[in-house]
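**Q** Sequence:
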Amino acid sequence: MSESESSPYTFSTADGGRTYTRTLYGFEAFCDSCASEADGLFFFAGSAALHLAPAPTPPALHSAIQSAWLALRAAAPQVACTTSFAPAPSHTWTYTYAVPSPGEAAAWAAETLRWHGDGEEGTLQEHVDALSETWWDPARGAPALLLHVHPLCKADGRWLLTFQGPHGSLDGRGAFALFDHLCASLDALLAPSPAPAAELEWGAETALLAGAGAVLTGAFDAAAPVPARAAPPPGFVPFFPPLTKTPAPARVGLNRTLTLTPAQTAALRATCKQHGRTVTQVVDAAFALADVEAALLTAGLRGGEEREAVKGCFGGATHWVAALSFKDQRPAFPAHANVFGKEGSALFAVDGYDFVVDMDAIRGALKLNEAEGGAWKVERDVGEAFWGVVGACAEGSGRVQRDPAGYRAREAAKHAQLPAMDPAPMAVRTGVTSSLGHVEALGLLSSFTPSAAVGTSPSPSSAAVETSPAPAPKRVTVDALHSVVRADLPLVLLLYWQYAGQLSFGFHTGAKWQTEAELGVLVDAFQGWVLALIE
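Note that my numbering has the sequence shown beginning at 65, numbered continuously upward.
Heads up, some of the hints might be wrong.
Claimed, not checked - Straight-line distance between alpha carbons at most 25 Å, and here's what the computed BS3-like set of lysine-lysine pairs gives:
#1 Lys309 - Lys538
#2 Lys375 - Lys431
#3 Lys576 - Lys218
#4 Lys441 - Lys431
#5 Lys309 - Lys375
#6 Lys391 - Lys337
#7 Lys375 - Lys441
#8 Lys375 - Lys218
#9 Lys406 - Lys391
Because the hints were derived from the structure by calculation, they are not lab data.
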């Protein structure tokens with residue numbers, strides 16, 4: 065492609081620097097189309113549960129968060145973009161950033177900071193469940209992101225902060241980076257004698273407006289895209305069990321979170337290392353097995369035609385399908401690897417690809433036996449057979465071309481779907497996985513973990529240290545992180561991350577296609593596979 069063909073996907077101004085625009089490309093545009101055309105499909109909410117000590121008054125906290133939100137806009141201006149869509153014949157999504165006056169910046173902060181401090185306290189799960197039911201159409205000049213503030217326990221200084229928007233505006237690692245900056249600002253603003261909030265000068269921040277991920281690799285114009293995906297294996301029969309709708313569900317999405325203890329997390333990592341496998345490969349295997357096991361157990365309870373259909377599917381399928389797996393592409397961006405680097409980075413910069421897993425390996429680790437009376441019993445083999453599934457997952461994902469050229473090709477394929485968006489092919493019962501990473505290892509939020517030092521005494525053996533003041537205690541602790549994706553589909557989404565020594569797994573699916581109890585069967589099966597590896 066010529067150099068000029070990538071220019072729409074980088075920010076530029078046509079009015080002397082008052083506004084900047086760029087066209088969305090690939091996965092980010094695909095996600096916005098899903099949100100607009102399928103009732104908020106894949107809307108994203110990334111949350112952080114904060115403990116503020118001593119507990120600030122709600123008005124003081126509201127003011128501090130508003131100042132921190134403005135500072136975040138200056139450091140990552142894409143949070144203040146709006147999104148819009150031009151229909152046929154162009155089928156294009158556009159980001160627009162308007163350089164504000166101080167008054168306009170304050171008005172933006174007031175509009176996009178959604179303060180729920182006067183509402184009822186609740187748990188983290190209750191608040192994120194409620195947020196996952198809400199969405200807006202990004203096609204009509206809407207904010208790319210909102211920042212919500214919910215009370216967990218005001219008297220204890222516990223609050224939940226959430227970035228929410230169409231998934232094309234923000235991914236999980238992008239949210240972690242934004243929280244790192246926001247918490248640093250809050251910590252300073254809530255100090256006993258805070259320095260006055262910096263007076264922000266607007267305009268220079270536009271240098272941090274980054275292009276689409278496919279452009280930031282530097283490979284966008286290098287060559288024409290190669291085919292984005294290989295043909296399915298010969299005789300391919302996917303494990304897609306029949307769908308059964310839940311009558312009159314009370315909500316759109318179902319969300320469950322499983323968190324390992326620090327000891328369990330360390331043991332799982334040690335087991336992965338001992339077998340020469342990554343955590344991602346092992347989680348992929350446990351999830352594939354849990355998904356198949358849950359389908360069998362649920363069908364066994366329902367009985368009738370569904371039971372026989374799922375039994376036949378289990379015996380006849382050649383492959384389990386990972387409908388989407390994600391890879392953060394920021395490390396491949398030569399000058400844009402860091403959201404807060406000198407040239408900024410895209411807030412959504414993940415690659416999405418599918419892969420398949422040999423069902424023979426899964427059947428080797430998961431045995432279906434019919435006991436007397438027709439009851440089903442599922443037996444697990446967590447020994448060599450399980451590690452065979454891990455190998456099959458690694459082999460399946462390893463076939464994917466994950467370099468910048470492969471990423472570029474997949475982005476082109478997703479972009480080509482915009483004129484005829486159709487979520488119907490995603491209406492299958494299978495899995496989607498996304499590893500959001502080890503947060504502190506990414507260089508994020510390590511100063512705000514519950515175990516982070518809150519100040520140390522000076523050493524009497526060093527005069528230099530004796531005359532230095534002890535570090536000020538932190539006012540902000542991040543107790544927990546959470547990510548949720550709105551999914552009105554039978555797909556089961558698994559998002560997972562490690563923070564403060566603990567691996568957390570978030571499961572999300574459509575309530576139209578499963579009950580709470582049925583999702584619980586899958587989560588319990590996943591937990592069973594994981595714990596069996598480390599017990």
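**Q** Return the numbers of the hints above that this structure violates; sort them in rising order.
**A** Checked against the structure, the hints that fail are numbers 1, 3, 8, while the rest are satisfied.
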